[in-house]
Amino acid sequence: MKVELQKVLPNEIEKRSFEIITAELGGKVLNPAHEAVIKRVIHTSADFEYADALAFSPDVVPRAIEALRGGATIVTDTNMARAGVNKAAAAQLGCEVMCYMGDEDVAQRA
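Mapping to my numbering: the sequence shown position 42 is 42, numbers consecutive.
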């Protein structure tokens with residue numbers, strides 16, 4: 001059996017993934033201020049229930065943008081989540097991305 005491989009760029013895969021997510025959500029109306037976050041969570045988790053389960057505090061998106069533009073430190077709970085953060089974009093904003101899961105002192109305190 002011969003397998004034909006196709007060269008596909010990562011950004012093309014991501015674009016297609018978001019097209020599929022949009023199609024799967026059908027006519028579901030999402031708050032425009034939260035839509036990008038909801039779709040990113042679905043993209044990351046492959047769990048469409050997040051479209052209904054996520055709750056947002058008032059003004060969370062503009063406040064998060066303000067914090068990022070101010071160079072906030074981004075702390076993730078897993079190294080996998082840390083790996084998923086766009087480091088170049090974070091660096092442009094002056095943000096550092098941290099995960100303390102592997103730190104010995106954190107393990108000792110836990």
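Some hints here could point you the wrong way.
As a list, the in silico DSS-like pairs of lysine-lysine whose alpha-carbon atoms are at most 30 Å apart [unchecked claim]:
hint: 1; residue 1: Lys2; residue 2: Lys87
hint: 2; residue 1: Lys87; residue 2: Lys15
hint: 3; residue 1: Lys28; residue 2: Lys15
hint: 4; residue 1: Lys7; residue 2: Lys28
hint: 5; residue 1: Lys87; residue 2: Lys39
Everything labelled a hint here was simulated from the structure, so no lab data went into it.
Just so you know, these numbers come straight off a predicted model, no measurement behind them.
Outcome of the hint check:
Between the alpha carbons of Lys2 and Lys87 the distance comes to roughly 38 Å, so the proposed pair goes past 30 Å and is violated. Proposed proximity of Lys87 and Lys15 is supported: the alpha carbons are some 19 Å apart, at most 30 Å. Using a Cα cut-off of 30 Å, the hinted pair Lys28 and Lys15 holds, with the two alpha carbons roughly 20 Å apart. Note on Lys7 and Lys28: the hinted pairing is violated, with a Cα-Cα distance of about 33 Å set against a maximum of 30 Å.
Among the hinted pairs, Lys87 with Lys39 is consistent with the structure: their alpha-carbon atoms are about 20 Å apart, no more than 30 Å.
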